[in-house]
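**Q** So the protein lines, in turn, are chains A and B.
Residue 1 is where the first sequence starts when you use this note's numbering, and the numbers rise one by one after that.
Residue 1 is where the second sequence starts when you use this note's numbering, and the numbers rise one by one after that.
Treat the hints as calculated values from the structure; they're not laboratory data.
Positions of the beta carbon are idealized from the N, C-alpha and C atoms, including for glycine.
Some hints could be false.
Reference listing, derived: stretches of chain B covered by chain A, where coverage requires no fewer than 3 residues with Cβ under 8 Å from a Cβ of chain A [claimed, not checked]:
1. 75 to 86
2. 105 to 111
3. 145 to 154
4. 261 to 270
5. 273 to 285
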Amino acid sequence: MTSAIPARPVSPDLEQDTTPGVGPGGPSDKKAAAQYSDRVRAERRLGWMLAGPAFIVMLAVTLYPILQAIYESLFQFRLTAPGEREFIGLGNYLVILTDNVWWKDLGVTLLITVITVAIELVLGFALALVMHKALKAVRGPLRTAILVPYGIITVVSAFAWFYAFDINSGYVNSWFAWLPGIDSDLNWFAQGPTALFVIMASEIWKTTPFISLLLLAGLAQVPDELTEAAKVDGATWWEQMRKVIIPNMKAAIMVAVLFRALDAFRIFDNVFIMTNGAYGTEVLSLLAYRQSISRLEIGLGSAVSVLLFLCVLIICFIAIKLFKVDLAGAQGGK
Amino acid sequence: MPTRKRNSARNRSRAGTVASVLAGTLLMSGCGPADGTETLTWYINPDAGGQADIAERCTEEAGGAYRIETSLLPSDAASQREQLARRLAAGDSSLDIMSLDPPFIPELAEPGFLAPVPDDVAESTTQNVVEGALAGATWKDELVTIPFWANTQILWYRKSVAEAAGLDMSKPVTWDQLMDVAAEQDKYLGVQGAQAESMTVWVNALVESGGESIIVDPEAPSDEIELALQSPAGLEAARIVSTIGKDGLGGPGLATQNENTSMINFQGDNGSFMVNWPFVWPATNGAVEAGTLDAGLIEDIGWGLYPQVAEGEDSAPPLGGINLGVGAASDNPELAYEAIECIVSPENQAEYFVTNGNPPANTEAYEDPKIEEAFPMADTIRQSLEQSAPRPQTPFYNEVSTGIQQTWAPPASVDPEGTPEESTEFIISVLRGEQLL
Chain A
1 MTSAIPARPV SPDLEQDTTP GVGPGGPSDK KAAAQYSDRV RAERRLGWML
51 AGPAFIVMLA VTLYPILQAI YESLFQFRLT APGEREFIGL GNYLVILTDN
101 VWWKDLGVTL LITVITVAIE LVLGFALALV MHKALKAVRG PLRTAILVPY
151 GIITVVSAFA WFYAFDINSG YVNSWFAWLP GIDSDLNWFA QGPTALFVIM
201 ASEIWKTTPF ISLLLLAGLA QVPDELTEAA KVDGATWWEQ MRKVIIPNMK
251 AAIMVAVLFR ALDAFRIFDN VFIMTNGAYG TEVLSLLAYR QSISRLEIGL
301 GSAVSVLLFL CVLIICFIAI KLFKVDLAGA QGGK
Chain B
1 MPTRKRNSAR NRSRAGTVAS VLAGTLLMSG CGPADGTETL TWYINPDAGG
51 QADIAERCTE EAGGAYRIET SLLPSDAASQ REQLARRLAA GDSSLDIMSL
101 DPPFIPELAE PGFLAPVPDD VAESTTQNVV EGALAGATWK DELVTIPFWA
151 NTQILWYRKS VAEAAGLDMS KPVTWDQLMD VAAEQDKYLG VQGAQAESMT
201 VWVNALVESG GESIIVDPEA PSDEIELALQ SPAGLEAARI VSTIGKDGLG
251 GPGLATQNEN TSMINFQGDN GSFMVNWPFV WPATNGAVEA GTLDAGLIED
301 IGWGLYPQVA EGEDSAPPLG GINLGVGAAS DNPELAYEAI ECIVSPENQA
351 EYFVTNGNPP ANTEAYEDPK IEEAFPMADT IRQSLEQSAP RPQTPFYNEV
401 STGIQQTWAP PASVDPEGTP EESTEFIISV LRGEQLL
């Protein structure tokens, strides 16, 4: 898991790369290359040979479908009417962006993203602290136990949550009947708010471990000397947290938030299994699925997918530019 | 350095072994025994093993002319359609025989995805087939698939509840009578209110029972389709769905209730009347045998024809079932149709009914004495099939059905005046490509 947070670069060529003006592809690239020693050049070649196949596979399985989807999104094209394919430019986008359904689904998706990520961040941080502070003897089993939900296939966990809350087979209604608003007649999946509650609870239960592991890695990178110095200066626990620990792991927190936000924004399995988008729980991925897979409207579906992709890019942009998330140097103190 | 070289050589030979093992597995899975027998693939919907049995029987009877292998499709009709439509559009030659849900047939027939039915096969397999099933197998006056089994919903009821309410079940009852009894006896009416295909089945049966069809001209192109949801029959359907939803007659789980959950509620203490497919009978008997349900329950279950909308006017019960089609890209369409002739024989249909609970499309099969024994309601089912009406047959069925589901579920939100209009406008604008679904 910690591989998501690479260690500080130490190899000599990388150090050289970060000097101004000699970035790869820059105007002075050629001149810089001439300065490299044989060893550096050999290492670079090895690097390309190692990464090359993966790079080509990535191009084939991600770039090609993305370009294909952009191309298809300009047509009115139904899979079961191949003869009626017609170029309509941005017509599909116009239909989607002027339709309430798109904006409603975008709202539901954003709501799920914001709420789940916020709660996961708080819970994940608490779990990371527990794991960080746990005695050596229980550390291994504890980390494993916390990771279990993340290891379960989403469809399986979605079914488990569905059956737990289902009005016919579920036990939640009888166990929690003492809470106001819950009784044996509550049909959780019959209206948006309660259905979204179950979907989000399941999502939070399942992915909090992921965020807590990222945060644990961040916690481990806060130098002990700093916390010790703060303690000596008489800082309370809260002050240590606020002034020393959190600022020092800001990069780790931002990476965790970005990764989870992107994941949560593309939520599909939980909604598909529990409500199939019924009663105001439809999310954008499901909308794309409904157009391309159920309706076989390849053009319209591709346009929804392209818009979904643009939304993800915007989230990345906001995180990286506005919040200055540094994906490469996600360790404390940067 | 020499060590590294040796290591890499060893790694390479190991990689070679892995590759050849992999290639071997692929080859083995790719071709069957080389005895010259043609293999036909039959894509089946999940059942209790009946289609696999028939495939085996027909393979034996063929005496080496062909061998039928079954391949399982997803469990719900919508996912089956998704998989078949994409494979057909891609020209998959493995689609020799397909078990198809009738509402989706026009969509596959219109672009020519189905191989034409040879005249002799059409003649031999359509004798004595119930009218509704035959209509479902036809597109633009041409037989495009072969009816295999035909399904229909009947009214199931608890004799104790009907008796307590003093309802005479010897003659057809109306929806209004059922709603009154459910309210009076404080029991749940078994209908399917989930936002799913079962909602369309219900609405269609109500509209058809009122003497109208949801789509006025099913063969019209997408931008000229007209709906009859705002007709008196449509409004009456909305009134029934809305009353059941708003008065809580379907129980608290109505908004997510499908065929299976409504059966479970019917078997419970609150069960009263339920419209559902015949699978209820073997499922309930099985549960009693397994000891999960009380043995007295079987005695308490009665059946009759689908409820009427207007008193004295025959109802139009829902029609389902499975037809068999052959993919246009199949390598062996003639052989596939030969196999289909074997599969749909009245003996196989009767056997399939007895073992799997799926009623024959061929009336001749009902003569089999085994059927009367296993399904005491076989006569009711047969009559229901004769009266039944198919769902709208149009290449745009998915749009129409999903549009109905999104506007008519949950039943409690249906407005007897507003919903038919809202539903019509929504479906029409989706069909014209002006709105997302």
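**Q** With reference to the structure, classify each hint as holding or not holding.
**A** Hint by hint, here is what the structure shows:
no. : hint       : result
1   : 75 to 86   : holds (count 4)
2   : 105 to 111 : holds (count 4)
3   : 145 to 154 : violated (count 0)
4   : 261 to 270 : holds (count 3)
5   : 273 to 285 : violated (count 0)
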